[in-house]
Every structure is written in structure tokens, then in C-alpha cells.
Amino acid sequence: MQERPNAANEIADLPETHPVTATETVHHGWVWNVASDSISYGADTIHREYIAHTSAVAILAMDAQGRVLLISQYRHPVRMRNWEIPAGLLDGGPNESPREAAVRELAEEADLQADTWHVLLDFWTTPGGSNESIRIFLARDLRPTAQPFARIHEEADIEHCWLDLDAAIDAVLDDRLHNPALLQALFAASESRRRSWRTLRDADAPWPTRSPELLPVPRALEGGGHA
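Those letters in the sequence shown? Residues 1 to 227, per full-length UniProt numbering, in order.
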């Protein structure tokens, strides 16, 4: 084990690549693929399987009273009705920007538009098993869309709830909320607010944790298949 000197301002995730000597798509799914790679790592060849994902956007919508929007829908893998924030895959075509995807998802899942957009943070969902990165936007200066969106499948019975930001964080600490994008968004927004929002980035800021060369080619989706 190598120990790095204690220099907090120098700690950062860094790009690193190793030769991939063989690769195979062992599962081609509707939303993501499963890849199997052989990697030359030092003197060894190691084998790793991981989810190759298109990545996704999520939106923390905040109103003028400082309340945040939570939505609830059924999530089959965990057999739970899960409180989360509006989110969706980057599946709108090669020319759709992350911000445009976020605008689309906020309208589709919450019937809302926003005049002010910022990047709150980017994170990997499971870097040991997936290349999925989620970009969370902070959306403010909200107004309703002209028409409600026609939802299907799990999205057909979405519930909406507005909570004060601090009350939402209390619910996390009380072990009542568990969605990772929601948790990341709430704590990041709370800390950014404490710092007078100085940590916010431009809505079109670079997204270095998303790896375009690793993305699968998604099939046509049938709705409800977001992050």
C-alpha cells in the first residue's frame, strides 16, 4: 500500500488506463450492456465484468421557498416505492446535451420548466461495477409546462411531494430515504447553500466522469427505464 502525503487540495480522481487485451459484450440489454474485459495490469492479466451504461441526468428542482421536489415511483429490482428526484437516461440522440436531457426529464416527470439551471455535482453510481455517471442539475425559477406529460408503466402513478431541504435531509438521516441520486443532491445542495451557492457550475460545464468511448449503443426504450 502506498501512502500519499496529507495535502487536501491535491486529492482528486485522476484518469488512468491499462491495455484491454480482450473485450466482449456478454449481455446486450434494453437500457445497458454487460461488458467483460481482460486487462493487462502490471505483470498480471485481470478479468472484470461491468455494466456499460449510457449515463444519466437527475434534477433537484427547488422553488422560491427553498423546497425541493421529490417524486415516488415503483422500482422493481428493490421491490420498493422509492422517493427520488426526476432523472433519465441520455437517450435523446447523439446531439442532445445533458442540459437538454435534464429539461426533457423535468418536463416529463414533473410537468415543470426552469429558467435557471446549474450543475450541482457529478458522481459515479458504482465505479467498481459500472461506468455510469450521473450529473445532477439544480433547477430554479420554476413554472408549469403548458401541458401535462402522458406517462406510462411505472411513471403512470408517480407521486409528487415538496419538502423543505432541511426536512428532506432529516428524512435521509432518519433512514427513510435511500435513493443515491436523491441523497447526493440533498447533501450537495445543503452544503452549496451554506456556501452561498458559490460551488454551482455552469449548466453546460464539462462532464469528465462520463466516458463516451465506453458507452453502449442503446436500443429503443419503452419508457420508465431511467437511472
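It is worth saying that the hints were derived from the structure and are not from the lab. C-beta atoms are modelled at their ideal positions from N, C-alpha and C, and glycine is treated no differently. Warning: the hint list may mix true and false statements.
Derived DEER-like restraints, expressed as beta-carbon distance ranges [said to hold, decoys possible]:
id	residue 1	residue 2	range
1	Ser196	Leu14	46 to 52 Å
2	Glu96	Glu16	26 to 32 Å
3	Asn95	Asp13	25 to 31 Å
4	Asp44	Ala167	25 to 31 Å
Does the beta carbon distance between Asn95 and Asp13 stay inside 25 to 31 Å, or does it fall outside?
Hint holds: Cβ distance 28 Å, inside 25 to 31 Å.
Does the Cβ-Cβ separation between Ser196 and Leu14 fall within 46 to 52 Å?
30 Å Cβ-Cβ, so the 46 to 52 Å window is violated.
Lying within 25 to 31 Å: is that true of the beta-carbon distance Asp44 to Ala167?
With Cβ atoms ~50 Å apart, the hint is violated.
Does 26 to 32 Å hold as the CB distance between Glu96 and Glu16, or does it fail?
Since Glu96 and Glu16 have Cβ atoms about 29 Å apart, the given range 26 to 32 Å holds.
When held up to the earlier numbered hints, the structure conflicts with 1 and 4 and fits the remainder.
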